[in-house]
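**Student:** If you want the building blocks of each chain, they are given just below.
There are 2 protein chains.
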Amino acid sequence: MKLNHIGIAVEDMEAARKLYGEVMGFKVGEPEHLVDRGLVVCFVDVGGANVELLYPTDPESAVGKFLAKKGPGIHHLCYEVDDVQAKLDSLKASGVRLLNETPMPGAHNTLVAFVHPKSVGGVLTEFCQPK
Amino acid sequence: MKLNHIGIAVEDMEAARKLYGEVMGFKVGEPEHLVDRGLVVCFVDVGGANVELLYPTDPESAVGKFLAKKGPGIHHLCYEVDDVQAKLDSLKASGVRLLNETPMPGAHNTLVAFVHPKSVGGVLTEFCQPK
Numbered sequence: 003m004k005l006n007h008i009g010i011a012v013e014d015m016e017a018a019r020k021l022y023g024e025v026m027g028f029k030v031g032e033p034e035h036l037v038d039r040g041l042v043v044c045f046v047d048v049g050g051a052n053v054e055l056l057y058p059t060d061p062e063s064a065v066g067k068f069l070a071k072k073g074p075g076i077h078h079l080c081y082e083v084d085d086v087q088a089k090l091d092s093l094k095a096s097g098v099r100l101l102n103e104t105p106m107p108g109a110h111n112t113l114v115a116f117v118h119p120k121s122v123g124g125v126l127t128e129f130c131q132p133k
Numbered sequence: 003m004k005l006n007h008i009g010i011a012v013e014d015m016e017a018a019r020k021l022y023g024e025v026m027g028f029k030v031g032e033p034e035h036l037v038d039r040g041l042v043v044c045f046v047d048v049g050g051a052n053v054e055l056l057y058p059t060d061p062e063s064a065v066g067k068f069l070a071k072k073g074p075g076i077h078h079l080c081y082e083v084d085d086v087q088a089k090l091d092s093l094k095a096s097g098v099r100l101l102n103e104t105p106m107p108g109a110h111n112t113l114v115a116f117v118h119p120k121s122v123g124g125v126l127t128e129f130c131q132p133k
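So the sequence lines, in the order shown, correspond to chains A and B.
Under our numbering, residues 3 to 133 are what the first sequence spells out, in order.
Under our numbering, residues 3 to 133 are what the second sequence spells out, in order.
What the hints contain is simulated information worked out from the structure, not anything from laboratory work.
Any given hint could turn out to be false.
As the list makes no split between identical chains, a pair holds if one copy fits it or if it spans any two.
Below, a list of computed lysine to aspartate or glutamate pairs in the EDC-like style, where the Cα atoms sit at most 16 Å apart [stated by the list, open to error]:
| id | residue 1 | residue 2 |
| --- | --- | --- |
| 1 | 29 | 47 |
| 2 | 120 | 47 |
| 3 | 133 | 47 |
| 4 | 67 | 34 |
| 5 | 71 | 16 |
| 6 | 120 | 84 |
| 7 | 133 | 13 |
| 8 | 120 | 13 |
| 9 | 94 | 24 |
| 10 | 120 | 60 |
| 11 | 20 | 32 |
| 12 | 120 | 14 |
| 13 | 71 | 91 |
| 14 | 29 | 60 |
This is chain A alone, in the form it adopts within the complex:
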C-alpha cells in the first residue's frame, strides 16, 4: 500500500493548472471529465505521488458541496492497494466506518472506495486499485 494522490478541490481548473505547472514547476497532465461523477480531474506529478486537481461540473456532486461549504483546498488522500475489496473488509473488521461497502469505478480506470473521515482522524481517505 502506498500513497497514490492528494485530491485538491479547485475553483478554477485552468488557474490551478497554471499554479502547479508554471508557478510551482510540476508536470501537469490533461484534464479528464468524469461525467458520471460531475467532476473534471487533472493529475499533477509531484514526485512519488500525484496531486489530483478536482473541479466540480455539478454543484450537487460531493466536491461541489465541499467547495460551497469549505472553499478550495485539500479534499482527500488516496492510497493505492492491490485489492481494494480486501482492504475494505480488513478496515471494517477493525471498526473503521466505510462510505462505500463495494468499490466503484474511479479516474484512470481504477476501482475506488472511500472511508468515513470520522474513522480516520478527520481525513477523507480513499483506496484505489489499478485495473
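Since the structure of chain A is provided, determine the placement of chain B on it from the hints.
**Tutor:** Using the frame of chain A, we list chain B on its own:
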C-alpha cells in the same frame, strides 16, 4: 522538487500512531518533540512520501489553533527543494504571498518556510530543504 510529506493535525498522538500503524498497516516512526514550536511530530512512511502526524503541546501554536478551529484533519502539504530560499524568491516574483520571508529550522534537521494558502488554492504549503 517533490512531495515530502502531508501534515495531519491529530487530537491524540497514540491513537493516530495506532491507526496508521496497526489498522492501516504503514511503518510509523517515533514521535519527536519540537519544543520551540509547541509540537510533537511523528512521521509515517506512506510510500514515496510521508504523513507527518502533528500534535500540539501548546494550544497557542499554529497547529493548536487549527485543531481548536477546524478539528483534526489535513493541515498542510510540504514539498522538498534543494534551495528553499531560491524557491521563496521565485514564488514571490510570481506574486505568491509568503508566510516566511526567510527559512526557519524544521523537523528532522531541515530548513522550512510556508506560503500563504490564499496564494496556493487554499492549501497551506510548506517547502523544506534537507540540511
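**Student:** Hint by hint, note whether the structure agrees.
**Tutor:** Now for the hints, and whether the structure bears them out:
Proximity of residue 29 to residue 47 under the C-alpha cut-off of 16 Å is restricted to the intra-copy arrangement: shortest distance 6 Å within a copy versus 24 Å between copies. Taking the shortest Cα distances, residue 120 and residue 47 never come within 16 Å of each other, neither inside one copy (29 Å) nor across copies (22 Å). Taking the closest pair of Cα atoms, residue 133 and residue 47 never come within 16 Å of each other, the shortest separation being 20 Å inside a single copy and 24 Å across copies. In the homo-oligomer, the alpha carbons of residue 67 and residue 34 never lie at most 16 Å apart, since the shortest distance is 20 Å inside one protomer and 37 Å across protomers.
Within a single copy, residue 71 and residue 16 get their C-alpha atoms no closer than 22 Å, and across copies no closer than 31 Å, so neither meets the 16 Å cut-off. Taking the shortest Cα distances, residue 120 and residue 84 never come within 16 Å of each other, neither inside one copy (24 Å) nor across copies (37 Å). In this homomeric assembly, residue 133 and residue 13 never come within 16 Å of each other (Cα to Cα): the closest approach is 30 Å inside a single copy and 36 Å across copies. Taking identical chains as interchangeable, the C-alpha atoms of residue 120 and residue 13 lie at most 16 Å apart only when they sit on different chains, with a minimum of 12 Å there against 26 Å within one chain.
In this assembly of identical chains, the alpha carbons of residue 94 and residue 24 lie at most 16 Å apart only when taken from different copies (13 Å versus 42 Å within one copy). Within a single copy, residue 120 and residue 60 get their C-alpha atoms no closer than 25 Å, and across copies no closer than 24 Å, so neither meets the 16 Å cut-off. Taking identical chains as interchangeable, the C-alpha atoms of residue 20 and residue 32 lie at most 16 Å apart only when both belong to the same chain, with a minimum of 12 Å there against 38 Å between chains. Proximity of residue 120 and residue 14 under a CA criterion of 16 Å is satisfied inter-copy only: 14 Å between copies versus 29 Å inside one chain copy.
For a Cα distance limit of 16 Å, the shortest separation of residue 71 from residue 91 qualifies neither inside one copy, at 31 Å, nor across copies, at 34 Å. In this assembly of identical chains, residue 29 and residue 60 lie within 16 Å of each other by CA distance neither inside one copy nor across copies; the values are 27 Å within and 38 Å between.
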